[in-house]
Amino acid sequence: MPLLDLKNLSISRGEGERNRIIDNVSLTIDQGDIRALIGVSGAGMSLIMTAIVGIRRRGLTYSAERYRIDGTDVQKLSPARRRRFIGRKIFIIFQDPRMNLDPAMTIRRQFREILSLRNFHDRWYRYPGWKSRRMENLLIRVGISNYRKVLRSKPGELTDIECRKINIALALAYEPELLIADEPLSAMSVSSESQILSLLDSVNKNEHLTMLIGTNDLAPIAKLAGSVSLLYAGQIVETGKTQAVLSSPKHPYTRRLIRSMNEMGGELDHDEMFSELGGIFPSWPELPIGCRFGPRCPMAERVCLRTPPAVKLPQGHVWKCHFSAPSDSE
Amino acid sequence: MTSGTIRHWASCLWGTFRGRPLFLTGLIGLICYIIIIAAGTLFMGLDPYRQNISEYFVPPSLSFSFETGFNRFIMGTDDLGRDIFARVVFGARNTLFAAVFAAAAAAAVGIAAGFAAAISGNPVLNILRRTMLFLAATPSVLIAVLMTAIVDPSLRHVAEAVALSLLPGFISSSYRIAADELRKKYVIALRTDGAGKMYITRIILRNTAYLFAGMTARAFSTAIIDIASICFLGLGAHHATPELGLMISEGMAFIYRGNYWCIIFPGIAIVSAVLIVNIVGSALKTAIRKGVFENASS
Amino acid sequence: MSTSEQPILSVKHLSLYTGELSLRSLLLEHRLIRRKPVLSNISFELFRGECLVIMDDGRSSLPALIDILAGLRRQSSGLILCSGKVLTQDNPRRSSIIRPIFARSERTLDNGLDIGTTLDIPLRFSTELRPEERLARIRRTLELLRLPPDIIYEYPSNISPAESMRVSLARALVLMPRILVSNSAFMDLAPTIRAEMMNITMMLRKDYHITQIFAARNIDIARKISDRILIMANGTTEEFGETGRVLGNPQSAGTKKILENFSTRYRYSPVRD
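These protein sequence lines are chains A, B and C, in that order. Under my numbering, the residue at position 98 of the first sequence is numbered 98, and the numbers go up by one with no gaps. Under my numbering, the residue at position 5 of the second sequence is numbered 1005, and the numbers go up by one with no gaps. Under my numbering, the residue at position 77 of the third sequence is numbered 2077, and the numbers go up by one with no gaps.
It is worth saying that the hints were derived from the structure and are not from the lab. We put the CB at the ideal spot given by N, CA and C, even for glycine.
If you anchor each label on the Cβ, the simulated ranges turn out as follows:
hint: 1; chain 1: A; residue 1: Ala310; chain 2: C; residue 2: Thr2018; range: 49 to 59 Å
hint: 2; chain 1: B; residue 1: Leu1233; chain 2: A; residue 2: Thr159; range: 51 to 61 Å
hint: 3; chain 1: C; residue 1: Arg2093; chain 2: A; residue 2: Asn137; range: 50 to 60 Å
Stretch-level coverage of chain C by chain B, calculated; a stretch enters the list once three of its residues show a Cβ under 8 Å from a Cβ in chain B:
hint: 4; region: 2069 to 2083
hint: 5; region: 2098 to 2112
hint: 6; region: 2117 to 2129
Here are some chain C residues the structure puts well away from chain B; computed CB gaps all over 10 Å:
hint: 7; residue: Thr2018
hint: 8; residue: Ser2043
hint: 9; residue: Ala2064
hint: 10; residue: Arg2137
hint: 11; residue: Met2176
hint: 12; residue: Asp2207
hint: 13; residue: Asn2234
hint: 14; residue: Leu2259
hint: 15; residue: Asn2261
So that you can see chain A by itself, here it is in the shape it has in the complex:
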């Protein structure tokens, strides 16, 4: 049973297909998996991720055909129970590392807040000093060795990378089942990036934390993510296990992305130009009808004005295109 089973989430600003900012997005994440959600500049991604956690924006209508977490149908719960349930299962880390932290509280207090929220399944929980020991252990776990100083500090006194690690430590303190990270690697130097990535990897393996990572570039996390979903203009165009999608991409957009990843990865000579996609990225209110990649797709025809059907391969490789078996020579 998948941990997150979200089917056909739509977020609209009005009536009709062209007002659907997020158009029938489905995310099915299995337990223990790391899913990368690849999309441009976070406009659609952040909406989806905050919608999963239950944060809504005024003026937008949200609807989903099915939304289950760990088997429980979330939409059938009362609002209060829903909040508690989602809050218990999911933890979200935002793009700005300081957004998760209260700038006026020391780190120790922020840990205390989280650790006091409920009973943890640890028989030593009631013993004095448990919380302190736990927060120290968590900080060591995320690679912060000067934990005493960090605990005493407020977020403003800490560096960005430390704040990101603290966010992950807080997430671990909370013991959720699903961790959602909105662009966790933005504006990071390379050494910080590799630290965070290995931390996420080990957290996923040791604490069995399922993850949904939203980013605009697959390349840095290609070997970390077990599966990947590609988002274009509010539609998920392809989903599947990373290996499968990388080795045989089916959707034209995916193919373009992989070609561009190859080029960035050093396939070109010094003087060659990168291949460009051409056209502009559609955004509300000028969203195309039907397949939103149509205007920029080399294979587009009239039929692409209608919503493309989903084509499935075994093992969860799904994509939406009218041309179900595009030739591999592009």
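Position chains B and C against the provided structure of chain A, taking the given hints into account.
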């Protein structure tokens, strides 16, 4: 400036007030207040000084006839037979004018000084600014009381003292706002473009104007209360001058005789003025922010 | 690039110290202000039309170096020479010589000004052109970057991310600088926009011989776009030289360590068939 700009600001103002009953109420209140004060002092021939010894402590009554106008005093009379309504109208004018002067002077000088300190980066100004921070934390009334205790009482001195007491707050706030804005990337980009300090000052002022509008409105309402308080303490206007705080202090003795109207009406005048100023100030702040940041083409 | 011509940019022994009031230094060294080195002894050379990529170990205050090059900060010691002539911070022509590109356009474009004004500001303050000439220059720059000419009436909040990235570049180019500096080499952008921007900068190098300096986080991209590479560690120059030589045959141990850090094990590597 094209006509589009005026239209843009008009639509921002309209957009701010529309659909927000609180702001609309404040605006209506402001208009009524201004009309009453203007009409009262300019047209209606009210005299706050005339004493009718025979008609002292007349309770308020609204009897009205079309031939003779108001037969009795709307708000009653005080112990010397002076028309309370006239005194409230003139008193409100005095208090408000003094408050406007105090707030405007403090704002103009304070914002200019704070900006100058932030943008020029002059270390001397910086030190001055830090001392202001200490003064800014002190309640303004205290500072003003200390100042008026030194000089002879008059409304003008009260206004000046209140202005001085509001000044440190403006200086330190405007410094902080300017310094924060200077650190922002778009200002750094302007510096690399070669823009001079004057231009950067203009741009920063434009982008932070709404903050100052809110601050000035708050300063205005603080000034109203401070001026009324100081006059209440007797350190301000001469005792015959109509002034709201003074009227309250005079009226306090009369309550025990059941003559509530000497105190209630000046009190209502003060409270409503402060409320209206706060509400309309908040509305203006929103309107200015909209006007600067929401663009004509969107 | 003939070696007989002078380098367009020559940085010699650039250092930056910050001072902080320190009681300890007062007692121990009899000096009230303790000097903390941010950058020490950075030296490199660049020729016209080349691209320099700077890679560092994450602790090296790269933004400080970029600030100094862009003229936002004054260095504590050392020289910056442009075509042999010393470039100081208060040189009024400096903006026309070295221009920074600000990447995050939502923060760097003033949302209360339309694009036309934003592009006009550098021209107004750093050149002596008349208004018609300024407008012509803006139009030509927009054309060069394939932006629609009507964009000068738009406001930053109304244009797409790809367009606003080009507008940031236009703002840098409108002064026709000789050198462009950028702290991120478009790393934070989505891959599609990044490809476009890199093509544009490559075109600027080839056709207009505009020298470029980028800070990069990706060895493969660095190898592709750069002619020379500067490796910084702990605020000093670790190694500098032609890209092929440095990356293929790194001399110092520090360089090797930094280069190792860059190949993260999670990164996608193209399947070469």
